[in-house]
Amino acid sequence: MKLLRMFLIQTKAHFVWYFRRDGEMMFWTLAMPVFFLVLFSFAFSSGPNAGSSRFLVPGIIGAQVLSSGFWGIGVMLATFREKHLLRRIYITPMPPWVFFASLVVYRMGLLAAQAIILVAVGAVVFHVRIIGNPIEILAILLLGTATFVSLGTIIGALARTTESANNIASILTVPLAFLSDAYVPIDRFPHAVTSALRLLPSTQFIDTFRDVSVYGASLTHYGAWILMLVLWTIAGTVISARTFRWV
Amino acid sequence: MTRRESPDAIADRAIVVDGLVKRYGELAAVAGITFSVPRGTVFGLLGRNGAGKTTTLECCIGIGRPTAGSVRVLGLDPTRRRELSDLRPRIGVQLQATSLPEKANVREVLELYAAYYGIASRAEEMSERVGLDGKLDRQIAQMSGGEQQRLALALALQHDPEVLFLDEPTAGMDAFGRRILWGEVERLRDGGKTIVLTTHYIEEAERLSDRICIIQRGRIVAEAAPAELVARYGGDATVSIAAEGFAPDATLGALGVWTQAGGGWKLATRGEPGLALAAVVTHANTLGAKIVSLDMHRPTLEDAFIAITGETIEETG
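If you're matching them up, the sequences are chains A and B in order.
Numbering-wise (the working numbering), the first sequence opens with residue 1 and increments by one.
Numbering-wise (the working numbering), the second sequence opens with residue 1 and increments by one.
Simulated from the structure, these hints should not be mistaken for laboratory data.
Incorrect hints may appear among the rest.
To be verified - If the Cβ cut is set under 10 Å, some of the chain A residues that face chain B in the computed set are:
#1 M1
#2 K2
#3 L3
#4 R5
#5 F7
#6 Q10
#7 A13
#8 V16
#9 Y18
#10 R21
#11 L85
#12 I89
#13 P95
#14 R160
#15 R198
#16 L199
As the list claims (entries may be wrong) - Beyond 10 Å from chain B on every Cβ pair, some chain A residues (computed):
#17 M26
#18 M32
#19 V105
#20 N133
#21 A196
#22 L197
#23 D211
#24 I234
#25 V238
#26 T243
As the list claims (entries may be wrong) - With the C-beta cut set under 8 Å, the calculated list includes, among others, these residues of chain B facing chain A:
#27 R88
#28 T98
#29 A104
#30 Y113
#31 A115
#32 Y117
#33 G118
Bear in mind that the values here come from a model prediction, so they are computed numbers and not experimental data.
Glycine is no exception: its CB is placed at the ideal position from the N, C-alpha and C atoms.
Extracted from the complex, chain B is given alone in its bound form (with noise of 0.2 Å):
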C-alpha cells in the first residue's frame, strides 16, 4: 500500500485514490480502492449500480469521508478543510439527481453559481455549449429531465474548472443531451481537462474514456484502456458460416480454431476478423458453396465486461 513516487510522477497526477476504504455501518460500499489519473486525460469508472462508484466519487470531492486510504485531488486532501476550500475552485461537479429550485430559472441559476465561484455569469455562453440556447428564461419545473442534467453540466462547467467529476451524467438524457455531454467531454479533454466519469453505459465509457476502470461489489475488479480490456478479456472473434459443401481447408485453419456447429461452421480467431470472414467467402466461392448464412463477431467490451465479473452490466438476472 505504501508505493512511494517521485514528486513528479505525482505532480502529473490530478488524482490519487489510494487503499480507499468507505463502510456505512456493516456495508462497504468501497472497499479497498486505488487508482491513480494521469492529468489531460479521461477516466471511466464502470460498474453496475451500487457497485461503489458514486461513493468512490464523493470521497474524492470532500462529500464522502474515507473510512479508510486516502485521496488527493491536484495534490489536496479533501477530507482536510483547508485543502477542501483550496480544491473547491478548480473542480467542477455534475451530481447524480441534484434537484434545482422548481421556480428558478436558467438565466438565474447559472447567475447563482456565478456568483458563488466569484466569477462573472456567463449564461448566454453556457446556455449555448449545453444546448439551452433560447431557453435561458424557462423555469426549473418546466424542463425535461435531461434538460435539467444538461443544465447541471454547464454548472460544472461554468467556472472553467481543471478537474470534471460527472457522476452519472447521461442517466435520463435523450440522443440529442447525450451527443452534447460527449461533445463537452471531448472538448475538454482536448484542452487538457482531467475528466472522472461513473457510468453504467459500456458504450459511453468505451467513446470517452482513456483508461477505464471495472468496479464490482467496492473493488477494482479491471483497470486498462478500452481497447487493451478488449484484447485481453474480450476472448477471440469468430466467424460463422453456413454453406453447402463447406469445408475449411489448411489455408483457413492456419487462421484459427474451427469447430461444427448447428450444420455449420464456426472460425475463434485471434486475427483481424474482417480479413478472415473476407479469406472465409473466397474460399466458399472457390468451393462453389452457396451460403446460407454468415455472420462475423468482433469482441466487444461488453464481453470483456462479462468476462471479468461474470455478470452483465445490466441487472438482468
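Bound-form chain A, shown alone (with noise of 0.2 Å):
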C-alpha cells in the first residue's frame, strides 16, 4: 500500500511538474509529432496520399518510443543526477526502482497520448488505418519501449552532465530515427546498407510495428527480430544495472 501510494504521487508528479506546467514539453510532445506527420505526408507525395501517412504514422510513433527512452528516461536521469535530487531521493525511504517504474510509467502515458493523436490525425485527415491485431500492436510497442528505456537508460548511467547527456541523446536519436524507417523508407539505400540498418533495434522495432499496426501483418512472422529486441533489452538492462549510480 505504502509502495503503491509513493509511486502513484510520484508519477502524478512528474506529469504535473515536468509536463502539465510546462508549455515548452508539451508543444514538443504533443505538436510536434502532428506537425511532422502532416509535413512530410504532403513532402513525400502530391497530396494527401494515404500511402506515405500510412509508412508516417507508425514510424513518427515509433521515432517517439525511441526519444522517449533517450530523452524521457537517459537526459531526465542525468539531469536529476546533476540537481543532486537523486541523491536526496536516496536517503528517503523509497526504494529507487519505485521512482525509475514512475519515470517510466509516466513517459507511457505520454507516449500513449502521442499515439493516440497521430492515429487519429492519421485516420481523420490521411485515411490511414490501424488494421492489426490490437493484442499484438501494444505487445511490439511495449517490447519496444522496453529496449529504448533500457538503452536509455545506459545514457543516464554513463553521462556525468546533463549537457553530455543531451549530447549522446541528439547524436543517438536524429540520425536512428531518420536510417530507421521511420520517416523515410530505408530500402531506396543501396541493399548492403539497407541490411545494415536492419541490424539496428530501431529498424527491427519501427518495421515489426509498422507491418503489424498498419499492414496487418502477424507478429508470429517476427520472431528473429522480436528475440534481437529481447537480447537488446536484456542488454541494455544488464549494462544500466551495472553502471547506474545514483549519488
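Dock chain to chain to rebuild the complex, using the hints, since each chain is given by itself in its own frame.
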C-alpha cells in the first residue's frame, strides 16, 4: 500500500511538474509529431496520399518511443543526478526502483497520448487505418518501449552531466530516426546499407510495429527481430544496472 | 583503534564514527576521523570549506562509502543495504544544494515526501514551522534561495526523525531563516533528538552545539564543548587602557601580566575580565588619571579556532 501510494504520487508529480506546467514540453510532445506527420505526408507525395501517411503514422510513433527512452528517461535521469535530486531521494525510504518505475510509467502515458493523437490525425486527415491485431500492436509497442528505456538508461548511467547526456541523446536519436525507417524508407538505400541498418534495434522495432499495425501482418512472422529486441533489452538492462549510480 | 566499549555505552550514542577514511583517487577528503555523538545532543562539525565535513556526513547517511573505518548510526551500519533501509526512515537530512523541481509547489513537495515515508502529509504544519505559511502554493522557481533552504529543512523534519543531519543548513539564509533554523534545532534537542550539523559559521556552531569538533584537512584537530574550547585554546582575556598618569599598582598586578604597549597598558588575565576592567577603572579614578581609551577582549571561539588551526575560518589569506 505504501509503495503504491509512493508510486502514484510520484508519477502524478512527474506529470504535473514536467508536463502540465511546462508549455514547451507540451508543445514538443503533442504538436511536433503531428507537425512532422503533416509536413512529411505532403513532402513525400503530391497530396494527402494514404501511401506515405500510412508509412509515417507508425514511423513517427516509433520515433517517439526512441526519443522517450533516450530523452525522457536517459537525459532526465542525468539531469536529476546533476541537480542532486537522485541523492536526495536515495536518502528517503522510497526504493529507487519505485522512482524509476514512476518515471517510465509517466513517459508511457505521454507515449499513449502521442500515439492516440497521431492515429486520430492519420485517420481523419489521411485516411490511415490501423488494421492489425490490437494485442499484437500493444505487445510490440511495449517491447520497443522496454528496449529503448533500457538503452536510454545507459545514457543516464554513463553521462556525467546533463549536457553530455543531451549530446549523446542527440547523436543517437536524430540519425537513428532517419536511418531506421521512421520517416524515410530505408529500402531506397543500396542493398548493403539497408541490410546493415536492419541490424539496428530501432529499425527492427519500427518495421515490425509498422507491418503489424497498418499492414496487418502477424507478429508471429517476426520471431527473429523480437528475439533481437529482447536481447537488446536484456543487454541494456544489465549494463544500466551495473553502471547506474544514484549518488 | 579497536577500543572496546560496553554495550550500554554504545547504546546511548546515536552516532559512532571510528577511524573514518574517505579517499577520492589520490585525495583523502577524510583522513582518519573518530568521534561519537550521545543521544539527545547537538554535535557541530566546524571547519573551512573542503575540510571534509560534508564527506564525513555523507558517510553517515549512506551516500558515501568509507574507504576505511566504520560508521554506526543508531547502531546500524549505513554501508550495509539492509541496515541502511532500516536507518532511512529514522534519519532526516538537509543536504547542501539540493535543487527541487522548479515547477513543483511547496504543498506538493511536502506531500510527495510524506508519501516517501509512508506518513500523512503535514504540509500546513510544516510550512508554518519553517516560516512558509501562506506560501503552500508557491512554486520552487519563485522562491528565494533561503526559502528553498527552509523547505529543505521541512522535508528533513516532516517524518519526525530521531537523528537529524544538517549540512551547512544556513548557508545562503537571511537572518529570518537563521533564526527559524536555530529555533528548530534548539527545540528538537530539547525534544531529545540527536543533531549533527556542519557549518563554517563560528557563531552558529557555538550557539547550537553541545560539542564542537574542529576539522582541518580531513582530520579532527580539536573536540570539546564550545566553552571548553575557548577556555583551553582561546588564550587570555585582555584589558587595555590608555590614561594619562596611569600605572598599575600591586593589587592590579596580581590580576595577571601587565605590559606597556602603544602609550597605554595592557593586562592579560585568566580571570574574569569584567571584574578586572572594573578594578582598572576604579584605580584610574583613584589616581585621577583621565582615561583616553579603554578596551576589554574576552577570548572567543574564533580566537580558539585560529589558535588551533593556525588560520581563520574564512579563506581570506
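Now the hints, each set against the structure:
Interface restraint check for A:M1: the shortest CB-CB distance to chain B comes to about 8 Å, inside 10 Å, so the restraint holds. Interface restraint check for A:K2: the shortest CB-CB distance to chain B comes to about 4 Å, inside 10 Å, so the restraint holds. Nearest Cβ of chain B to the Cβ of A:L3: about 9 Å, under the 10 Å cut. The hint holds. The beta carbon of A:R5 comes within 5 Å of a beta carbon in chain B, closer than 10 Å, and the hint placing it at the interface holds.
With a least beta-carbon distance of about 9 Å to chain B, the hint placing A:F7 at the interface is held under the 10 Å criterion. At a threshold of 10 Å, the smallest CB-CB gap from A:Q10 to chain B is about 7 Å, leaving the interface hint in force. Checking A:A13 against chain B: minimum C-beta separation of about 5 Å stays under 10 Å; hint holds. Nearest Cβ of chain B to the Cβ of A:V16: about 7 Å, under the 10 Å cut. The hint holds.
A least Cβ separation of about 7 Å between A:Y18 and chain B falls short of the 10 Å threshold, and the interface hint therefore holds. Nearest Cβ of chain B to the Cβ of A:R21: about 4 Å, under the 10 Å cut. The hint holds. Given hint, A:L85 at the interface with chain B, holds; its Cβ is 7 Å from that chain's nearest Cβ, closer than 10 Å. Satisfaction of the interface hint for A:I89 is found here, the shortest Cβ-Cβ separation to chain B being roughly 8 Å, below the 10 Å cut-off.
Nearest Cβ of chain B to the Cβ of A:P95: about 8 Å, under the 10 Å cut. The hint holds. Checking A:R160 against chain B: minimum C-beta separation of about 14 Å lies over 10 Å; hint violated. The beta carbon of A:R198 comes no nearer than 40 Å to any beta carbon in chain B, farther than 10 Å, and the hint placing it at the interface is violated. For A:L199, the interface hint is violated, the least distance from its beta-carbon to any beta-carbon of chain B being 39 Å, above 10 Å.
At the 10 Å boundary, the C-beta of A:M26 stays outside the reach of chain B, the nearest C-beta of that chain being 12 Å off. Against the 10 Å criterion, A:M32 stays outside the reach of chain B, whose nearest CB is about 20 Å from its own CB. With a minimum CB-CB distance of about 15 Å to chain B, A:V105 clears the 10 Å threshold, and the non-interface call stands. Residue-level check passed: A:N133 sits 39 Å from the nearest beta carbon of chain B, beyond 10 Å.
Every CB of chain B lies more than 10 Å from the CB of A:A196, the least distance being 41 Å, so the non-interface label holds. With a minimum CB-CB distance of about 38 Å to chain B, A:L197 clears the 10 Å threshold, and the non-interface call stands. A:D211, annotated as away from the interface, keeps every beta carbon of chain B farther than 10 Å; the closest lies near 40 Å. A cut-off of 10 Å between C-beta atoms confirms that A:I234 is not in contact with chain B; the least separation is 24 Å.
Separation of A:V238 from chain B is adequate, the least Cβ-Cβ distance of about 20 Å exceeding the 10 Å criterion. The claim that A:T243 lies off the interface holds: its Cβ sits roughly 16 Å from the closest Cβ of chain B, which is beyond the 10 Å cut-off. For B:R88, the interface hint holds, the least distance from its beta-carbon to any beta-carbon of chain A being 5 Å, beneath 8 Å. Given the 8 Å rule on beta carbons, the hint for B:T98 holds: about 5 Å separates it from the nearest Cβ of chain A.
Nearest Cβ of chain A to the Cβ of B:A104: about 5 Å, under the 8 Å cut. The hint holds. Annotation: interface hint on B:Y113 holds; nearest CB of chain A at approximately 7 Å, less than 8 Å. For B:A115, the suggested interface contact is upheld, since its CB lies about 4 Å from the closest CB of chain A, less than 8 Å. Annotation: interface hint on B:Y117 holds; nearest CB of chain A at approximately 6 Å, less than 8 Å.
For B:G118, the shortest C-beta to C-beta distance to chain A is roughly 4 Å, which falls under 8 Å, so the interface hint holds.
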